[in-house]
Amino acid sequence: MDPCKRFILLITVFFTVALFWSGYLFAIEENKGINISAETQACIACHSTYTPGIVEDWLTSRHAKTTPEQAFKLPILQRRISAEDIPDNLKKNPIGCYECHGLNPQAHKDNFDHFGFRINVVVSPNDCKTCHPVEVSQFSGSKKAYAIRNLMDNPVYHTLVDSIDGITRVEKGKLIQDKPSDKTLHETCLGCHGTKIGVKGMKKVSTELGEIEVPALTNWPNQGVGRENPDGSRGACTACHPRHSFSIEIARKPYTCGQCHLEPDVPAYNVYKESKHGNIYESKHREWNFGNVPWVVGKDFKSPTCATCHNSLLVSPDGNVIAERTHDFGSRLWVRLFGLIYSHPQPKSGDTTIIKNAEGLPLPTTFLGEPASEYLIDKMEQERRLTGMKAICNSCHSTDWIDGHFEKLSSTIKETDAMTLAATKLIIEAWDKGIADRTNPFDEAIEKLWIKQWLFYSNSIRYASAMTGAPDYTAFKLGWWELSDNLQRMRDMIDIKYDLLMDKSGGRKRLK
Amino acid sequence: MDPCKRFILLITVFFTVALFWSGYLFAIEENKGINISAETQACIACHSTYTPGIVEDWLTSRHAKTTPEQAFKLPILQRRISAEDIPDNLKKNPIGCYECHGLNPQAHKDNFDHFGFRINVVVSPNDCKTCHPVEVSQFSGSKKAYAIRNLMDNPVYHTLVDSIDGITRVEKGKLIQDKPSDKTLHETCLGCHGTKIGVKGMKKVSTELGEIEVPALTNWPNQGVGRENPDGSRGACTACHPRHSFSIEIARKPYTCGQCHLEPDVPAYNVYKESKHGNIYESKHREWNFGNVPWVVGKDFKSPTCATCHNSLLVSPDGNVIAERTHDFGSRLWVRLFGLIYSHPQPKSGDTTIIKNAEGLPLPTTFLGEPASEYLIDKMEQERRLTGMKAICNSCHSTDWIDGHFEKLSSTIKETDAMTLAATKLIIEAWDKGIADRTNPFDEAIEKLWIKQWLFYSNSIRYASAMTGAPDYTAFKLGWWELSDNLQRMRDMIDIKYDLLMDKSGGRKRLK
Amino acid sequence: MDPCKRFILLITVFFTVALFWSGYLFAIEENKGINISAETQACIACHSTYTPGIVEDWLTSRHAKTTPEQAFKLPILQRRISAEDIPDNLKKNPIGCYECHGLNPQAHKDNFDHFGFRINVVVSPNDCKTCHPVEVSQFSGSKKAYAIRNLMDNPVYHTLVDSIDGITRVEKGKLIQDKPSDKTLHETCLGCHGTKIGVKGMKKVSTELGEIEVPALTNWPNQGVGRENPDGSRGACTACHPRHSFSIEIARKPYTCGQCHLEPDVPAYNVYKESKHGNIYESKHREWNFGNVPWVVGKDFKSPTCATCHNSLLVSPDGNVIAERTHDFGSRLWVRLFGLIYSHPQPKSGDTTIIKNAEGLPLPTTFLGEPASEYLIDKMEQERRLTGMKAICNSCHSTDWIDGHFEKLSSTIKETDAMTLAATKLIIEAWDKGIADRTNPFDEAIEKLWIKQWLFYSNSIRYASAMTGAPDYTAFKLGWWELSDNLQRMRDMIDIKYDLLMDKSGGRKRLK
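Residue numbers (our numbering), protein chains in the order written: chain P, 119 to 630; chain Y, 119 to 630; chain R, 119 to 630.
To be clear, the hints were calculated from the coordinates, so they are not data collected in a lab.
Just so you know, even glycine gets a beta-carbon here, dropped at the ideal spot from N, CA and C.
A few of these clues could be false.
Unchecked claim - Derived list of chain P stretches under chain R, where covered just means 3 residues or more per stretch with a C-beta under 8 Å from a C-beta of chain R:
(1) 207-220
(2) 588-596
Unchecked claim - A short list of chain P residues far from chain R (calculated; beta carbon distances all over 10 Å):
(3) Asn397
(4) Thr471
(5) Asn512
(6) Thr530
To be verified - Facing chain Y, a subset of chain R residues (Cβ under 7 Å, in silico):
(7) Asn337
(8) Val415
(9) Lys532
(10) Arg609
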């Protein structure tokens with residue numbers, strides 16, 4: 119669009135929205151002494167007409183209602199801003215559209231001229247870091263920040279992904295599986311893990327305002343937690359603080375974690391809902407305060423959510439810090455319960471592709487369960503983290519109660535790993551007998567049973583044990599019922615297929 | 119009951135409830151200027167004792183708190199009454215028991231004398247039409263209004279129903295399946311699709327008031343959305359506006375749609391809960407306004423529910439209409455994602471029994487996926503509807519974001535149809551090899567696997583794609599995991615059964 | 119810890135918490151005229167620092183806000199205290215820590231000296247009975263009070279438990295199943311049924327206060343509803359009135375029941391959520407009163423929860439009692455829908471181990487479905503209970519509606535039992551043909567299919583029928599779809615295994 123046309127358009131827009139816009143100013147006036155920047159006012163002038171939901175969402179946010187200058191005046195424990203200082207030009211206005219979408223333009227391949235303003239489509243952790251450097255720094259070392267690489271740059275896991283998401287054709291009765299499409303990867307695994315957002319020049323899109331030019335992003339839209347952004351940074355804060363309310367309340371409620379940590383492979387949220395903690399949460403949370411910082415145990419809430427145990431800054435009613443805030447969500451955990459064949463101590467690095475087990479594979483244990491200890495946290499660190507977690511439990515439970523709880527969890531970890539080992543022995547038998555092909559360990563029906571043993575059933579039981587009081591996920595639903603039955607199903611399948619193989623090859627006769 | 123006894127009974131009832139009734143009048147008095155009709159007062163006099171929950175429910179309704187006369191005074195966008203005019207005798211009273219249960223007595227086979235009043239047991243869309251003709255007219259052309267016929271008068275689908283719901287006996291080791299009973303149909307498929315309510319004369323029931331005569335209804339009670347009523351009309355408004363509060367709030371919340379649109383065959387609600395929209399809804403909806411008409415995007419709600427995208431009247435905060443209200447729930451949709459073997463453009467008529475595909479069957483595609491285009495909306499109409507839906511998304515999302523989203527959906531539709539086609543080819547192989555019998559394509563174990571491929575797995579993935587951000591239903595839970603594994607299971611089952619068949623028949627030797 | 123050290127510790131603690139404690143007193147002051155006992159004040163003085171969440175929880179409870187003396191002054195229907203009188207020393211203080219944890223010390227093997235006070239770790243129904251004798255007495259005769267014995271002292275059921283929870287090893291290709299560990303039993307079946315809490319002397323635990331001595335409890339912590347306590351009593355009131363708020367609101371909400379009554383074996387809560395009752399509950403319950411006693415139909419709530427139909431004291435808006443309160447949760451039920459092979463009339467005694475069927479087994483029916491009528495309630499008692507339940511339905515539904523509903527349920531019970539019988543005939547065939555071993559009827563893959571037929575599928579359909587309007591659980595999800603398909607799967611498995619057996623043994627040749 120040439121500058122002249124754009125000018126006319128802008129003038130028109132300004133007048134048509136003027137009356138309505140005054141309503142917005144009125145709404146904002148509630149927040150005394152808050153002056154929205156001129157740039158953000160320009161954004162809102164159009165977007166209150168063209169995407170009004172975004173503007174309304176932002177108006178409810180803390181970003182719209184306070185300024186960094188005000189935020190810096192709060193006592194340290196109450197602050198949501200972790201920077202020690204920020205550029206002067208950002209201090210006096212509320213954090214509006216332009217304050218975020220206009221940051222670090224030189225770093226953003228997705229920066230473009232939008233009606234006279236240099237705008238980034240994607241706001242990234244590197245931008246949020248301006249005010250929230252501690253959070254971004256913690257997050258950047260976490261497994262979540264490496265969520266794409268940990269899945270797609272690990273050849274073992276990549277093979278699993280391909281075996282699930284690849285399109286299968288039937289040719290002359292044979293199943294032929296092609297590589298998954300980008301779009302399917304994008305909305306399956308990478309829906310949670312995040313996509314790599316690329317920029318392929320500019321393109322025209324036709325909008326209510328007429329045709330406009332925008333960056334041609336690939337693998338977009340996506341809010342996966344490990345997203346790789348056009349400025350080279352990793353992560354999507356919006357995965358948990360969604361859209362333009364940037365709400366801490368939403369992030370602290372279990373629905374947010376539950377979008378990805380879900381049955382059947384990661385049933386954290388399902389187990390939570392069934393647990394006593396979840397029961398109390400569902401019955402009573404309407405009376406609680408999900409916005410307070412720091413979060414006061416017993417006052418603001420009476421039962422934990424995911425955020426309580428895994429990342430929030432917690433204090434007791436008398437103001438003692440029970441747990442420091444962290445955005446490295448694994449950092450309070452000593453053991454890794456899910457996602458891999460056997461449980462194991464948490465990895466030292468968030469980047470798990472660097473692990474090498476005794477078999478040379480980038481996995482934290484060998485095929486038979488031996489841990490790659492060099493890459494995993496040691497006993498002392500495990501103990502330190504367990505002690506920290508127990509301090510949180512201690513807010514409401516006695517020491518003896520807590521000890522009893524974690525002894526059960528330890529026992530469950532051992533037993534479920536043993537049940538996985540039994541399945542591993544059967545799959546080896548299947549390979550040895552020529553019933554299945556070990557080249558790709560993930561693509562045949564019997565191999566899928568083996569995967570279920572650890573990825574669905576053992577995982578579920580361990581989650582249910584960790585959040586004691588969800589007996590359904592330990593028993594009938596993805597629990598011991600399945601764990602035992604699955605071994606029988608594997609045994610039967612091996613026996614039937616082996617019998618038929620022997621029959622065909624005349625092998626039985628030879629065996630006799 | 120003879121008139122004399124009835125008179126004594128009524129007098130007694132009136133006096134026993136008099137004191138209590140005054141409490142109700144007090145409650146109603148809040149609604150100044152509202153005069154309940156004499157007939158409805160008589161209903162309440164008894165029913166506040168005999169079914170008090172109904173009366174209390176009604177007291178909370180808008181029907182109890184306003185009159186049509188008042189409703190007509192509202193600006194057109196705010197009106198919930200769509201009639202241009204209604205009979206004078208209905209204008210001045212709130213809409214109470216008798217105003218609905220006393221309508222059109224001549225049309226109702228279920229009309230009966232109830233303590234001196236002519237009452238219909240079932241209030242039907244034809245009755246509601248008195249005040250809400252636009253809604254009833256839209257609904258009557260929709261697939262929902264033909265929900266019984268589309269299932270039970272389609273011989274292919276009727277066979278599927280019989281194969282699922284029929285009682286199976288074991289006779290001499292053989293499984294013999296009988297036709298399903300009416301009662302089982304009633305509480306399985308027809309629980310959602312609706313039953314045909316018949317009237318077989320009168321019968322006596324013994325109540326707290328003694329024995330009374332009422333119409334002997336068959337297949338009752340039922341609130342399936344496509345119910346066929348004793349007055350010949352089709353539909354049950356109460357399916358979504360339940361009981362006597364007739365609540366728009368309930369209809370706009372996702373739990374209502376979720377009663378029928380549910381895992382595993384129609385996992386719309388399950389997917390919604392896992393999506394970002396659902397996450398925001400669950401975290402924040404207590405602060406929203408579900409009763410406002412028109413429904414203001416960004417003000418009344420910050421994240422859509424089912425009703426937002428599929429049927430509500432939406433306006434922007436500055437009052438522009440974003441989407442007109444519709445009670446034809448398919449009318450905003452261009453593609454039909456679920457319920458049939460392959461996805462396809464939406465049918466032109468709500469009555470899908472009129473469709474004939476190239477194979478002469480009443481299905482929107484052939485067995486191999488060719489659409490019966492003559493009966494389906496054309497490209498232009500598809501485009502028109504897609505554009506309308508995008509306008510809703512545009513309330514909160516940029517054009518480019520929306521385009522990216524729907525491109526993913528298109529790709530997913532193609533890929534899941536391809537995965538269904540692969541399963542179809544396998545089932546054909548099974549039939550050709552004599553392992554399964556094609557006479558009834560729905561009643562054998564391997565055929566059930568084929569059904570799962572489209573009815574459970576492909577459906578789920580498409581729903582998850584359409585409501586982006588529910589990666590679990592695309593991946594492990596009823597998603598690509600199952601889609602791929604199911605083909606392996608079908609392949610294995612064919613191979614095992616064929617080997618055994620060859621063995622028995624000596625065929626293998628011959629094949630060698 | 120020696121007395122001297124303890125004294126110094128206590129003094130220190132008292133001073134460090136003094137300032138903070140004044141805040142608590144201020145909070146409590148709201149409750150005018152309430153004087154916390156000196157003992158409980160001492161408890162709170164430490165525990166407000168060491169387990170502040172418990173103290174805060176208690177502060178929200180009715181126990182903290184009222185005294186028995188005040189409670190006795192309420193009209194009988196409004197009372198939550200069922201004792202006619204209680205010891206004088208308990209009357210004037212709110213019910214705090216010491217009032218419960220200090221009761222009946224001589225009966226408690228878990229009583230110990232805790233900083234100078236004799237404290238029980240576990241508060242049991244026998245302690246609660248001091249004020250709530252009617253509730254405890256009702257509960258004590260219920261199946262819930264015998265939940266451990268009914269499962270673990272019934273050899274048939276114990277075998278099922280062992281077959282699910284036992285650790286399986288693979289030795290020379292064979293699956294060898296060991297007995298389950300106590301810890302796994304504890305967090306699977308006994309998570310709901312309850313554990314037997316033992317006391318093995320004392321042990322030291324290290325706390326923030328230093329090392330202290332506490333009773334060494336076994337199988338602890340556990341809040342299973344049938345828990346056997348260190349004072350010999352049975353039950354855990356906290357299973358439903360959790361932690362220190364003892365909330366009636368939580369107990370009346372469906373999440374509580376849903377912790378144990380859950381898919382796939384007891385999908386009561388899942389079905390409820392899908393039903394119209396559940397839909398209205400989820401949409402509207404924020405406006406209802408879950409704390410009122412008695413509970414007023416139509417005023418306090420507009421749709422029932424589990425508690426409404428199964429145990430709460432219900433009155434109509436004009437104060438008539440619709441249903442008396444009961445804590446024998448089976449006492450309103452005439453038929454037992456779940457948990458056993460066939461449905462049957464409710465057992466007379468809560469202790470079901472005393473039942474002997476015609477085959478001499480402690481089961482309410484024989485293997486082919488004949489009821490052990492002597493141990494089950496008779497027709498007249500069934501009718502009495504059904505009539506009582508219908509009176510509750512009558513609060514909102516007409517008599518004819520209710521009759522129609524329960525006729526459907528009766529039909530469903532018969533049909534699902536018939537579908538179970540078909541599966542039983544197939545499993546007998548499998549045993550007779552030598553494909554499976556009848557010694558343990560629960561441990562082979564085909565036997566697991568048989569179990570699913572009754573424990574998962576028939577159960578689910580019956581629940582869905584009983585709470586009409588959850589068509590998904592009758593149809594595709596654990597419903598008739600599975601019931602029919604499962605018979606096919608069993609038929610196929612028998613045929614395949616039998617063919618292979620014949621092949622191996624040369625039997626086919628002989629059969630020819």
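Notebook entry, point to check: What are the numbers of the hints the structure violates, in ascending order?
Noted result: Per hint list: 1, 3, 5, 6, 7, 9 violated.
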